[in-house]
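A.B. asks: Sequence:
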Amino acid sequence: MGNIERSKTAKVDGIIFDVDGTIWDSTPIVEKAWNHALEEAGHKERVTAKRLQGLFGLPMDAIIRDILPDATEEERERFAPYCYRYEHEYLQENGGIVYEGFGRMLEELDKKYPLYVVSNCQAGYIELMMDKTGFGRYFKDHLCFGDNDKLKAENIRIVCERNGLKNPVYVGDTQMDADACREAGVPIVFASYGFGTVKEPDYVIDSPMELVTLFE
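The numbering used here numbers the first residue of the sequence shown as -19 and each following residue consecutively.
Mixed in with the good hints there might be a few duds.
Claimed, not checked - Cut-off 16 Å, straight-line C-alpha distance, at most; resulting in silico cross-link-like pairs (EDC-like, lysine to aspartate or glutamate):
| hint | residue 1 | residue 2 |
| --- | --- | --- |
| 1 | 112 | 69 |
| 2 | 130 | 141 |
| 3 | 130 | 111 |
| 4 | 112 | 73 |
| 5 | 130 | 163 |
| 6 | 120 | -7 |
| 7 | 12 | 69 |
| 8 | 91 | -7 |
| 9 | 91 | 196 |
| 10 | 24 | 50 |
| 11 | 130 | 41 |
| 12 | 24 | 55 |
| 13 | 92 | 11 |
| 14 | 179 | 159 |
| 15 | 130 | 159 |
| 16 | 92 | 190 |
| 17 | 24 | 46 |
| 18 | 12 | 73 |
| 19 | -9 | 182 |
| 20 | -9 | 134 |
| 21 | 92 | 73 |
Rather than coming from a laboratory, the hints here were simulated on the basis of the structure.
Build the full structure now, drawing on both the sequences and the hints.
C.D. replies: So, in structure tokens, the structure goes:
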């Protein structure tokens, strides 16, 4: 599957969102969940929300490798179900912290653009976010690494292809997001209120509501 063939003069015909650091911040809850998982699985390592902010955006297997650098692959595989279980349970009960104005932004954007979600998260995470926030009604399609073992660039292309998008943009908050966008041939809107930084983004927003008028 090749890069999206964009028209430089056509209007934006779809907006694709990252989740963590863009829609919400789940790291304070995930810190508690993963430390519970690490303790129950018998590992001495612990994580913090700050450290997780630097790791989110990677696929889950890469995050677990970073957290358990001295573990064997078999030990990491045994740990993963603990991680998934407690993360889901904790977030199902508490949810993440939605960035201020994000719901109002979606309400306004939904009048003008089709909206989508693509993330490197595990299967079920996007659905959980949509359920806890009530944002599911705004998104026409979503895809993640956990659904098909494909990284963000490829999943951006898949979502664009199956929804007929020719001039989409992607909203994300890290250089990893920007690199995936470059690979997919899609402009990056850097959400500077999120976790990371981006070198030479195509667009920048400092708050969610700025996206409403960005392309007018």
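A.B. asks: So which of the earlier hints does this model not fit?
C.D. replies: 3, 13, 20, 21
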